[in-house]
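Chains as they are written, first to last, in our numbering: chain C, 338 to 549; chain B, 338 to 549.
Please note that the accuracy of each hint is not assured.
Claimed, not checked - Partner residues are not named here, just some residues of chain B that face chain C (Cβ under 8 Å, in silico):
1. A349
2. A363
3. G371
4. G398
5. M435
6. D440
7. L443
8. T448
9. C466
10. G474
11. G493
12. A513
13. F515
14. V519
15. L540
No wet-lab data here; the hints were simulated from the structure.
Even for Gly, the Cβ is constructed at its ideal location relative to N, Cα and C.
Number of protein chains: 2
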Amino acid sequence: MAKVKFCAVFGARPVSEQMRPYFEGADCVIAADGGLMNLRALGVEPDVCLGDYDSGPMPEGREGVIVLPRQKDDTDMHYAARRILAMGAKRAVLLGGMGGRLDHTLANLATLVYLTEHGVDAILADERCEARVLLRGEHSVPPREGWYLSLFPVGGSARVTLRDVFYELQSETLTASFPLGVSNEFSDKNASITVEEGALYLLICKKEPERF
Amino acid sequence: MAKVKFCAVFGARPVSEQMRPYFEGADCVIAADGGLMNLRALGVEPDVCLGDYDSGPMPEGREGVIVLPRQKDDTDMHYAARRILAMGAKRAVLLGGMGGRLDHTLANLATLVYLTEHGVDAILADERCEARVLLRGEHSVPPREGWYLSLFPVGGSARVTLRDVFYELQSETLTASFPLGVSNEFSDKNASITVEEGALYLLICKKEPERF
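So here's chain C without its partners, still in its complex pose (with noise of 0.2 Å):
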């Protein structure tokens, strides 16, 4: 059976060395832009760096560099994205892309969008939070000590059953403007999330107060 092809992209938000069992064994490593600067850090070479180096210094003396122009349609992180679905990526993350600015932030949950709705595995992750979005079906999530589960509607809304959890829901309908899926607690199982319309956000975040 053929290896499932596993990508790892790095955006420029710091990526601390607790994020390593999340890209170790990738087949490949994009370096977005400043993501270079985490690279190096961590003392990962990639294999591709794309930006448009408006904001750093260009990465020289080194094969597998692809600078975009400054003014273009696509995020590096989504052009990255472009990239390794090209490259038959199976499985992805999305790191150094989150808590940051906000619109970076946002954009970064479109990539993630479009990598899930194009057959990839893909999650966008910190030290605090994962997000993965869950297409129409159902889905299992195993429980995680000190860790809350939320679900968000992708559109403006969402129909939802979740069972076997703290705050189950019976075929509820999620909107936009109200954010009722947020911080439940797992049980000793698998949560069950069936989605019935539309698509979610589920993200999994560490149990700790917000300012430190």
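Chain C is already provided as a structure; the job is to place chain B on it using the hints.
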């Protein structure tokens, strides 16, 4: 003419002195749970403190404390939003509510949609970004030197015409899977945004590298 009632709600993420212009002149200041620490640091006395106080000590020896149950559908920020609506607020700023755990940020964006749909001129802001919700109709945004303008659909898609900016859009559909509206540049005129279908998040974010 009656003065428009203006409320400021503080969440638990750090709010620096630099944000003072955003809440100066507020008729009502609400500390949502850990937001009280921000207000103490800023030397501002809240009118109401609310929260389930599960992640910090309850404010003691003072009036205006509302203790919410731990098991509830509303987040503290959403409860605060209902409260300021009931108080007749027409303008609101939500601070200390983004850039940390992504579940909190997305929940607070939902609260922003809720306030806007209920006729409140509301923003969610931190040191680097201001978020608003634009409902169907025409909007005009004054240019800001050194800041980007970005648009994202609130629902699955939104149709927009965008003029007097660097990347113009003519009755274009923004979707949840492609961040077409990100990092636009102001011209020297007001940006003209016509939301033809759906609703948009308008983000105005400072041009600074993600890393710092």
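Index of numbered hints that the structure contradicts, given in increasing order: Failing hints, ascending: 2, 4 and 10.
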